[in-house]
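Okay, here's what each chain looks like letter by letter:
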Amino acid sequence: AQSVTQLDSQVPVFEEAPVELRCNYSSSVSVYLFWYVQYPNQGLQLLLKYLSGSTLVKGINGFEAEFNKSQTSFHLRKPSVHISDTAEYFCAVTSGGNAGNMLTFGGGTRLMVKP
Amino acid sequence: EPEVTQTPSHQVTQMGQEVILRCVPISNHLYFYWYRQILGQKVEFLVSFYNNEISEKSEIFDDQFSVERPDGSNFTLKIRSTKLEDSAMYFCASSRLNSNQPQHFGDGTRLSIL
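Going down the list, the protein sequences come from chains A and B.
According to our numbering, the first sequence is numbered sequentially starting from 1.
According to our numbering, the second sequence is numbered sequentially starting from 1001.
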């Protein structure tokens, strides 16, 4: 079984400040990791993914995340946030192998960017 | 960019009634999924579908639920005899290949059971 923990349910931050949204996972097998963003009244949009290779992955809108296998973490970062980054962010994991594997989501982190 | 589309955006149904949620996955995708998000809770996996059959399902996906691909473009989730606790946002997703391909989500259908 796999699980995802997002340690912060809400993160308030001022515009142009850096931000880190934390994600830890547990799994008995190798995993693929994803971050999704949900803007109000919209669906889940893929921000970035880690499949293999370089542990630092870059995504859309200036976000990046670092896979740390020893700490089973996949924290999301952005060096300077904008008001438009205000949204809910979800970390998700799926295991390799079988087709159609389910995504397991964390509880989400609400990023609130203040002017 | 191709999108997953879901209809309706909001469905209000009396308890005990049947409801069908509809999705049009991205055209060249082969794997289809349903997830739900009860207000204030995590997004939860319901079912995955490939090659016209269920490939994986969660404990939530009991006999009350069924999925179907009635034609070459639509993918539906049917909930029979709805209960108050079925009220949630239901998301459809699709992916081109298997688990290392990202799943693309629709905007969801908000289901309200009265």
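Hints were generated in silico from the structure; no laboratory data involved.
For every residue, glycine included, the Cβ atom is placed at its ideal position computed from N, Cα and C.
Keep in mind that the hints are not guaranteed to be accurate.
As the list claims (entries may be wrong) - Some chain B residues well away from chain A (every beta-carbon gap over 10 Å; in silico):
(1) 1026
(2) 1052
(3) 1063
(4) 1066
(5) 1073
(6) 1100
Claimed, not checked - Straight-line alpha carbon distances no greater than 25 Å define the calculated PhoX-like cross-link-like pairs of lysine-lysine that follow:
(7) B:1042 - B:1078
(8) B:1083 - A:69
(9) A:69 - A:49
(10) B:1083 - B:1057
(11) B:1057 - B:1078
(12) B:1083 - B:1042
(13) B:1057 - A:49
(14) B:1083 - A:49
(15) A:69 - A:58
Stated by the list, open to error - Chain A regions said to be covered by chain B (calculated; three or more residues, Cβ under 8 Å):
(16) 72-78
(17) 104-113
Violated hints, by number in ascending order, as checked against the structure: Going through the list in order, the structure violates hints 6, 8, 14, 16 and respects the others.
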